[in-house]
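Fit chain to chain and form the complex, with the hints in mind.
Spelled out, the chains give:
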Amino acid sequence: MTELVWITLALPLLGVALLAIFGNKLPARGAGLLASLIMLAAFGAATVALILLASKPEDQRQVTETAWTWLSAGDFRVGFDIWFDQLTALMLMVVTGVGFLIHIFSIGYMKGDTQERRFFAYMNMFVFSMLVLVVSGNLVQLLIGWGLVGLSSYLLIGFWHHKTSAVKAAKKAFIMNAIGDVGLAIGIFLLFVDLGTVSYSGVFASADKLSETQASIACLLLLVGALAKSAQIPLHTWLPDAMEGPTPVSALIHAATMVTAGVYLIARMNPLFFYAPKVLDLIVIIGVVGLLMAGAIAIVQTDIKRIIAFSTMSQIAYMFVGVGLSAYWAGIFHLFTHAFFKALLFMGAGLVIHALNGEQDTRNMGGMRKLMPKTYFCFIIGGLALTGIFPFSGGFSKDAILGAALHVDSTIGWIAYVGGLLGALMTGIYTFRLIFLVFHRRMSPYAEKVAPPLIKHHGEGPSSMLWPVYILALGAAFLGLLQIPGVTHVMSSWLEPISPYGMVEATASQEWLTTLIGTLVGVIGIIVAAHLYLRENDAPERIRLGRGRLIAHALERRCYWDNLYEWMFERPVQWAASFLNRDVDATAFRWLPTDGVGTITAFFGRSVVVLQNGIVRSYALVFAVGIAGFLLFLLVRGT
Amino acid sequence: MSVGIPMFLGVSAILFTIGLIGVLLRRSPLTVLLSLEIMLNSVNLTLVAFSRQVGGSDGQVFALVVMGIAAAEVVVGLGLVVAMTRRSMVLDTDELRTLNG
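Chains A and B, in that order, are what the protein sequence lines are.
Each residue of the first sequence is one higher than the last, beginning at 1 in the working numbering.
Each residue of the second sequence is one higher than the last, beginning at 1 in the working numbering.
Treat the hints with caution; some may be incorrect.
Said to hold, decoys possible - Chain B is faced by these chain A residues, among others (derived, beta-carbon under 7 Å):
{"hint": "1", "residue": "Q612"}
{"hint": "2", "residue": "A620"}
{"hint": "3", "residue": "L621"}
{"hint": "4", "residue": "A624"}
{"hint": "5", "residue": "V625"}
{"hint": "6", "residue": "G626"}
Hints listed in this document are in silico derivations from the structure and should not be mistaken for laboratory results.
The C-beta atom is built at its ideal place from N, Cα and C for all residues, glycine as well.
One chain only, chain B, in its complex shape (with noise of 0.2 Å):
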């Protein structure tokens, strides 16, 4: 039995949910940061499924660009995870609101 395009676009929704429901949800940064990179990667399936049915590598090329942002993203998030940890700040992003009005 072969996948289906809606098979694919299916996990991805799923994945991209799953993504959505804990960036919205969970309070510690870590997690947060690990939930959007579900986000990405969810987007990345799309593209690739999408790519495969067209039959171009546009689609690859861009999931491997979207990868290549996000690790430079995450290494600026774990980064400020890191440097709030040694000013031994609360990891709690509902607390961190410094830039509120």
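Here chain A stands alone, though its shape is the one from the complex (with noise of 0.2 Å):
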């Protein structure tokens, strides 16, 4: 069983390495192909593993083994580790599997690109990064497969390094993670001095030697690392820019890798946070006001890539919450079904966008559900799926997060539960306004030039990027029926053991009610937007410029938290600069010619530029004398 975990994470190392290296002489269509091939092979091994450890009696499901020692020194050691779980083996399925399908995806999407094989090299990289920190057995592999990601996203975000603005985004989005990674790296150390150990079943075993402080203080650090890699609030910034990347990254960034990682990583460290309550009520928080506020700004942004990027935000923050609440399993269930609708989205808003020739604004799109009536069927079933409106899977785990808001019933239990209502409002708001905007309404003049030619030409797209819609749309419509309330219950009890300390679990009554409620908010919101959005009217644009005009700013301006970054770091630096540039070189050094600090440095080198005269024998005299000399001292010395 072991064998399999190792060969899903060796195959796409292999895909990067034969990428890599006979990439040139594979035909371009070859490159996807053999990428897309080695997922499927991957997600096999993943799958086969997953029916082994299922068929394992329950307390053996856990499994870990090391293949090399990286570093010892006395009891601390540190290898390369697999940890195999129930948790790990339904992440494994998700990225490779969901991953896979955008792979098929992005052959179609990207063909024709002359940079084919890069992309699907970067692609099969993403994808082992994400599974070396999911297996990882220890805290520093974690943080290796934690850097490897925000690389892979780097390279995949600034994939079309000819324009600027991929470029800016993807460079936002490694500084980003790298401040996100700081913190994880220093909650490491901080682990290590305070335990010696870094091993997630050393650090589990003692984690009640910790006092609440020192336990929180981990917690926090770690969770510093989870807000970066998951977008959440104050880290977020990076995720709505990453959009300028290929759609196929989009999908692979929101639904299979990258932002799911803070999410496993507090679920993973759960027998930790159990030490740090606070910390979890914090996570609460910033959830409930990420999933506000990201919902609210998704309400007006006119980009189709940028209006389900703010919805991701959303989403994953009820993750947060999920976890934050100890209902570890809720909020795994929620990034399990997320990836399938949110990939689905992603996919189909790349049809929409392949089928204009590139073009991402709403404004430009409208009517497209009578050319495209497979992509739009699919993306209803999407939408359903994350407004979390009842039978669809969105509505099951959103609910199993909510219920167990309910369940806990303390102060930050009512906030979750009141905020994460009000955000599935906003939900079907934004879901169904996006849907309006493309589908419905009459078409822009934009697309009616563009549109009809291209879909008369090839249809809505090649069966390659058509397929892994319709499997998606599969999963989002059914892949709840895991978990319902009091009838089947696979999610719940199957990662019950993850957490030693129990999780919270709703009870029946309490999540039918929390169902009814939340499918019943989410036609709310529908409405809503149908009133607003479905046929051309002025009401959104009188809101927009009358009473909401303050709110709308803000949300347009994504709520300043850009503008709030560039007061704090960049001006500065900034005025720091021109400051030194301007008055202590121009003014301290001005009895120089020119620039000041630049004559001094000049000068010095020109002084010790006589010692490198390029002459052999003249080196190797200094050196002969040096030593001479030191040998004299010692010898005076008499040592």
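Structure (structure tokens):
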């Protein structure tokens, strides 16, 4: 069984190596096929591993294995470990399964790009990085995966590096993630200082030796890493900009890899977070604020991918609420269903963008329903799942989180419950606003000109782009049935053992009540969206310019986070630099002919350049005299 | 009469000095390489002598390592000399000073 996990891990790496070494000899289509086949094989291996794990008795479903030791000093050792348990198995399925579909989709989407091989090599590398992170058995290896994910996302977001905006977005993502990496790394150092170990088993076994302050600080630092990777307040600003990458990359970042890592980290480290209840409360608060803010911002965005990006931020915030309430299974369940419907929505958006020849602005869309009925149908399924309407998957998972909030029945629980329901209302509004803007209404002049000939020429897309969407639509529609309150409980019982201190799980009646309210709220959201956006009317614009103009302005500027960071970091550095340049350099060194610091440095440089005369014998003489002098010195000192 | 450690060290010091003077005074790259070998071998002699005195084999192993590395170094050095000859460059270390500051 562990061999299969190793194979799952090794296959994408093999893909990267093959594409990097032999990529130029492959035909362009071959690169995509190779990468996809590798993902299929990895998915197969992960599936068999999951089945084997499930066939074991429940108390033996946690396997660890070490390939080799990297570092050992005394009792301390760091190795390349795998830790295969229920959570790992599920994450492997999501990463490889959804990743595979995204690879297939990319074959069609990237067709004609001159850099297909580089693209698929990066894609495989992204999956490999995420797998390293997920299978790791110790925190150091987790950090390596964490960093690799950041690197891969940088390479893919900036894939179209001839676009300045793409390069800027890639840098932004990398820097934000680097902040998180530093937080995570310091957290790991702290755990090592306090506990002397960095392996999961060691940390979990001795977590009770930590005082609450120690545990809280360590958890806070781990949380910084999780916030950056999962794009939560206050380190979320990179996610909407990450839309600059090709659409399949967005799907991969949002659904299968990257942003789920933070949720995974908290769920994985739950025996540690158990000793830091205040940090868990903080996670819930961050989650509630984040889901409301991102949901509200999504309502006013006009870029199709950016709307979906903010919806991801909002949904990840739900997962944070779930894990913060110690309902780890619910958070992971939502991660699982979200992977399907979010990948579906991104691919649907990708099909639309494809049909409009790269246009992403919803104002240039409209009326696509008649041209793209299949995409429309799948998009509706994804939208209903995202909104959390009852029989669709997102409904079950979101209500599992909210049900847990109801079950907790504390102040925090009620904040999460009310906030979550408000968020569900916004989800309904922004999701169906998007659907109405893109698929309903009158077709915009741009779409009327571009779309019909393209669609007449090759339909809604090649089958390599349509089939992944169909499969994901099936998943988005039916995967919630794994966990029908009071009927099936595949998810909660499967994930129950990952937390030694038990998990919060709502009773069936609480969940049904939440489902009822949640669906109702979602439907209200859809009705509001239909009222405002289904037909052309000037109501939204009236609100935007009238009573709601302050809110609208704040939301359109994404609640001023980017401006805040500009004022906090960019401006002071620019100001300091110009101060040094204009005032210090120009006034303090005014007695020098031109720019002061440069002249001084050049002067000293020129005065030592004579030593570098290029004659080897003189260098040897300096050596010899130096060593002779040193030996003489030792002789005279008499030691 | 047994030869004591000072004799070995004396020979070694003489060899080292000969080598050093060769490196410092000669300008032909071939001779410089030869002199370097003499210096290395004088150090080897010291290592083996001390190793015999202490009774362990560590110093001798170390001397073997030095020989191995010296062989590799000579390969590079002679390769450079051959390459320079082929390009009909002047074989004079004082003339080869393009890397000056």
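Results of checking the hints against the structure:
Taken as an interface hint, Q612/A checks out: its beta carbon lies about 3 Å from the nearest beta carbon of chain B, inside 7 Å. This hint holds: A620/A has a C-beta 5 Å from the nearest C-beta of chain B, less than the 7 Å allowed. With a least beta-carbon distance of about 6 Å to chain B, the hint placing L621/A at the interface is held under the 7 Å criterion. Checking A624/A against chain B: minimum C-beta separation of about 6 Å stays under 7 Å; hint holds.
Restraint check, V625/A versus chain B: the minimum CB separation of about 10 Å is more than 7 Å; hint violated. Because the closest C-beta pair between G626/A and chain B is about 13 Å apart, greater than 7 Å, the hint is violated.
The earlier numbered hints that this structure contradicts are 5, 6.
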